[in-house]
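Asker: Listed below, chain by chain, are the residues.
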Amino acid sequence: MPRLVSKYFGELDYSTEAAFQFPEGIPAFEDQTAFVFLDQPQTHPLVFMQSLGNPGVCFIAVPVFVADPAYRPDLSPEDLALLGLSPEPLPQIGSDILCLTLVTVSEQADPTVNLASPIVLNLRNRKGVQAIQPSAGYSVRHPLLAREDLVPCS
Amino acid sequence: MLVIRRRAGEGFLIGPDIEIAVLDVSPTRVKIGILAPGALPIVRKEVLPTRQENLAASRNAPPHTIAWLSRKLSQCGAG
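The listed protein sequences derive, respectively, from chains U and S. Numbering of the first sequence is given in my numbering, commencing with residue 1 and proceeding in unit increments. Numbering of the second sequence is given in my numbering, commencing with residue 1001 and proceeding in unit increments.
Derived from the structure by calculation, the hints contain no laboratory data. Heads up, the beta-carbon is just placed ideally off N, CA and C, and yes, glycines get one too. A hint or two may mislead.
As the list claims (entries may be wrong) - These stretches of chain U come out as covered by chain S in the derived footprint (C-beta under 8 angstroms, 3 or more residues):
1. 25–34
2. 41–49
3. 52–63
4. 74–85
5. 106–116
6. 132–142
What the hints assert, rightly or not - With a straight-line Cα cutoff of 20 angstroms, these simulated EDC-like cross-link-like pairs (lysine to aspartate or glutamate) come out:
7. U/K127 <-> U/D96
8. S/K1031 <-> S/E1010
9. U/K7 <-> U/E78
10. U/K7 <-> U/E107
11. U/K7 <-> U/D39
12. S/K1045 <-> U/D68
13. S/K1031 <-> U/E78
14. S/K1045 <-> S/E1019
15. U/K127 <-> U/D39
16. S/K1031 <-> S/E1046
17. U/K127 <-> U/E30
18. S/K1072 <-> U/E107
19. S/K1031 <-> U/D79
20. U/K7 <-> U/D31
21. U/K127 <-> U/E11
22. U/K7 <-> U/E30
23. S/K1045 <-> U/D96
24. U/K127 <-> U/D79
25. S/K1072 <-> U/D39
26. S/K1072 <-> U/D68
27. S/K1072 <-> U/D110
28. U/K127 <-> U/E78
29. S/K1031 <-> S/E1019
30. S/K1045 <-> U/E78
31. S/K1045 <-> U/D39
32. U/K127 <-> U/E24
33. U/K127 <-> U/D68
34. U/K127 <-> U/D31
35. S/K1045 <-> U/D79
Only chain U is shown next, with the shape it has when bound in the complex:
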């Protein structure tokens, strides 16, 4: 079983089937074309999108429904083609594709997610893309926690 060096969890074993190919990388990281998605019990429901090409490149992600239970992706024909999917029938989240959103955390501000550009994974051919969908009306800096969640949840 191959090993990877991860940014947050040290060395880990992974199966090659767990790797997703991003033929175009993602914006600003175009040269990173293979990622594994690490869902560790101690950090669930966070998912760590770890680059296989560079241990220092790792993003924190969550499934889109964690950020917005009513989320609807709006994939462009180009992104569907890149993923090897056809627009009809519409790919279903959970069975055909997985949809994650990248989290930005900082000491100064509340955590936000980029709902305008979800990470979309085709579970059948293990291909992934960051789908830029500016017309869907989602923000690149959507608050991850609702105001009332910043104090203990009811």
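Knowing the structure of chain U, use the given hints to seat chain S on it.
Answerer: Showing chain S alone in chain U's frame:
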């Protein structure tokens, strides 16, 4: 902003090195060809906010922040 009307097959030049060609026009889209020096970055405008956000999201997250966020999301029944 300078506005130029062009038909499919026509083009224009920006300085000595950059050529923009209108290749095809449909009711909703325009196909554009760009000839420019390789060192010149060309990005789709809508990609820019995501590019900046990806750089911010790739910054190192302290372990206590990761632990706090994971706990917060589990508490809220999102896990």
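Asker: Would you mind marking each hint as holding or not holding in the structure?
Answerer: Each hint, compared with the structure:
1. 25–34: holds (count 4)
2. 41–49: That given contact holds, which follows from 5 residues of the stretch 41–49 of chain U lying within Cβ reach (below 8 angstroms) of chain S.
3. 52–63: holds (count 5)
4. 74–85: violated (count 0)
5. 106–116: That given contact holds, which follows from 5 residues of the stretch 106–116 of chain U lying within Cβ reach (below 8 angstroms) of chain S.
6. 132–142: holds (count 4)
7. U/K127 <-> U/D96: holds (11 angstroms)
8. S/K1031 <-> S/E1010: holds (12 angstroms)
9. U/K7 <-> U/E78: violated (31 angstroms)
10. U/K7 <-> U/E107: holds (19 angstroms)
11. U/K7 <-> U/D39: Holds, because 14 angstroms separates the two Cα atoms, which is no more than 20 angstroms.
12. S/K1045 <-> U/D68: violated (26 angstroms)
13. S/K1031 <-> U/E78: holds (14 angstroms)
14. S/K1045 <-> S/E1019: Holds, because 18 angstroms separates the two Cα atoms, which is no more than 20 angstroms.
15. U/K127 <-> U/D39: Holds, because 18 angstroms separates the two Cα atoms, which is no more than 20 angstroms.
16. S/K1031 <-> S/E1046: The hint holds at about 16 angstroms.
17. U/K127 <-> U/E30: With a Cα-Cα distance of about 15 angstroms, the restraint between U/K127 and U/E30 holds, given a limit of 20 angstroms.
18. S/K1072 <-> U/E107: Measuring from Cα to Cα gives roughly 16 angstroms; hence the hint holds.
19. S/K1031 <-> U/D79: Measuring from Cα to Cα gives roughly 17 angstroms; hence the hint holds.
20. U/K7 <-> U/D31: holds (17 angstroms)
21. U/K127 <-> U/E11: violated (24 angstroms)
22. U/K7 <-> U/E30: holds (19 angstroms)
23. S/K1045 <-> U/D96: Violated. S/K1045 to U/D96 sits at ~30 angstroms, over the 20 angstroms cutoff.
24. U/K127 <-> U/D79: This hinted pair holds, its Cα atoms lying about 11 angstroms apart.
25. S/K1072 <-> U/D39: Since the Cα atoms of S/K1072 and U/D39 sit roughly 16 angstroms apart, the hinted pair holds (cutoff 20 angstroms).
26. S/K1072 <-> U/D68: OK: S/K1072 and U/D68 at ~15 angstroms, within 20 angstroms.
27. S/K1072 <-> U/D110: holds (12 angstroms)
28. U/K127 <-> U/E78: holds (14 angstroms)
29. S/K1031 <-> S/E1019: The hint holds at about 14 angstroms.
30. S/K1045 <-> U/E78: Roughly 16 angstroms separates the two Cα atoms, so the pair holds.
31. S/K1045 <-> U/D39: violated (33 angstroms)
32. U/K127 <-> U/E24: Given pair U/K127, U/E24 holds - Cα atoms ~10 angstroms apart, limit 20 angstroms.
33. U/K127 <-> U/D68: violated (24 angstroms)
34. U/K127 <-> U/D31: holds (15 angstroms)
35. S/K1045 <-> U/D79: holds (17 angstroms)
The structure fails to meet hints 4, 9, 12, 21, 23, 31, 33 from the earlier list, while all remaining hints are met.
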